[in-house]
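**Q** Listed here are the chains, written in short residue letters.
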Amino acid sequence: MSPRAQGLRTWLLQRLSAVYMIAYTIMAIVWLSLNAPFDFVAWQAIFAPPLFNIFTLLFVFLLLAHAWVGVRDIFVDYVHHLPTRFVLMTLISTMQIMLAIWVFMALFSVVQL
Amino acid sequence: MRFKIHRYNPETDKKPYMQDFELEIDSSRMVRDALIRIKAQDESLVFRHSCGEGVCGSDAINMNGINGLGCLTRLSSLKQPIEIRPVPGMPIIRDLVVNMDQFFNQYRAIKPYLTVNDPEPEVEYKQTPEQRDKLDGLYECILCGCCSTFCPSFWWNPDKFRGPAALLQAYRFLADSRDQATTERLEELDGPYRMFRCHTIMNCVNVCPKGLNPTKAINEIKKMMLKDML
Numbered sequence: 001m002s003p004r005a006q007g008l009r010t011w012l013l014q015r016l017s018a019v020y021m022i023a024y025t026i027m028a029i030v031w032l033s034l035n036a037p038f039d040f041v042a043w044q045a046i047f048a049p050p051l052f053n054i055f056t057l058l059f060v061f062l063l064l065a066h067a068w069v070g071v072r073d074i075f076v077d078y079v080h081h082l083p084t085r086f087v088l089m090t091l092i093s094t095m096q097i098m099l100a101i102w103v104f105m106a107l108f109s110v111v112q113l
Numbered sequence: 001m002r003f004k005i006h007r008y009n010p011e012t013d014k015k016p017y018m019q020d021f022e023l024e025i026d027s028s029r030m031v032r033d034a035l036i037r038i039k040a041q042d043e044s045l046v047f048r049h050s051c052g053e054g055v056c057g058s059d060a061i062n063m064n065g066i067n068g069l070g071c072l073t074r075l076s077s078l079k080q081p082i083e084i085r086p087v088p089g090m091p092i093i094r095d096l097v098v099n100m101d102q103f104f105n106q107y108r109a110i111k112p113y114l115t116v117n118d119p120e121p122e123v124e125y126k127q128t129p130e131q132r133d134k135l136d137g138l139y140e141c142i143l144c145g146c147c148s149t150f151c152p153s154f155w156w157n158p159d160k161f162r163g164p165a166a167l168l169q170a171y172r173f174l175a176d177s178r179d180q181a182t183t184e185r186l187e188e189l190d191g192p193y194r195m196f197r198c199h200t201i202m203n204c205v206n207v208c209p210k211g212l213n214p215t216k217a218i219n220e221i222k223k224m225m226l227k228d229m230l
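The listed protein sequences derive, respectively, from chains X and C. For the record, in the first sequence the residue sitting at position 89 is 89 according to the numbering used here, with numbers rising by one throughout. For the record, in the second sequence the residue sitting at position 126 is 126 according to the numbering used here, with numbers rising by one throughout.
Keep in mind the hints are simulated off the structure, nothing from the lab. Do not take every clue at face value.
Under 10 Å between C-beta atoms, here's a sample of chain C residues computed to sit facing chain X [what the hints assert, rightly or not]:
| # | residue |
| --- | --- |
| 1 | 114 |
| 2 | 192 |
| 3 | 194 |
| 4 | 197 |
Covered by chain C, per the in silico footprint, the following chain X stretches (three or more residues, Cβ under 8 Å) [said to hold, decoys possible]:
| # | stretch |
| --- | --- |
| 5 | 10 to 24 |
| 6 | 63 to 70 |
Note that beta-carbon positions come from the ideal geometry of N, C-alpha and C, so glycine has one too.
Put together the whole structure using the sequences plus the hints.
**A** Listed below in structure tokens is the structure:
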């Protein structure tokens, strides 16, 4: 990434993702209280409508992006040894990509188009 | 009154230590007055000071853990024993004197002067009263360094992060209607280090002896960057 993209754009990404996550949290609380799940089948059914499924997926992706910027900021502040920082960032990013794939697979398996 | 003062002479001391002093002094006097009297007792004590009225910005010190100007801080406002140390995070030269090079290098880096590309006007540069109002709360900075040396982000990255004092001045020139280098200034400040190391901790706002608000200025710069991007 260019230095430009790592300043204003990551900051903006963090702010905008925060707004979406607040909106999603409110929406999810309403949706879950309207369709309160009492068993596994009901729990699966909640995530079946494509719209809620996609909103949830977007929430998780943005949460991971938000966290990536936050963790990067901590490493930039405290980890000054560049090779160590690179290894740490690679570990975190790999873990986040794996989480994203896992969540995508979980949500995709229950969506009903 | 009881004082604990940070002492360090690199020529004779292996490491810094705190020295106790006792002084008869009216508690309505300022910390700087006390330091001057202590120096009369022990002339080896070294500290910076000049105007004595919060204008020159040379006597920034750390009193009971909080940065401030010795000349504007009343003794009665501090709990005894009053611990006086140099401002944190800077290389110590001796006793209460620190090397401010990094602070002034960051100030220099924001180009603290007007940049005008147009031909010079026949008369003076003109501003409306409203345009002039925008500089209030910015131009008053005396560069004492209380804010930047109390900023954790500046402690971690003093060579890369501009620090609150320099960023306040960056905004002072961005907000000036006569300046024509807005885009260049904004581009220079982008990236992960120069401005975006600020995490709105707001230590700068708490300690500024002139009551200025660098955090607000930094937010204004971010807004200008956003407008510039769109």
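**Q** Each hint: holds or not?
**A** Verification of the supplied hints:
no.: 1; hint: 114; result: violated, 25 Å
no.: 2; hint: 192; result: holds, 4 Å
no.: 3; hint: 194; result: holds, 8 Å
no.: 4; hint: 197; result: holds, 7 Å
no.: 5; hint: 10 to 24; result: holds (count 3)
no.: 6; hint: 63 to 70; result: violated (count 0)
The structure shown violates the earlier hints numbered 1 and 6.
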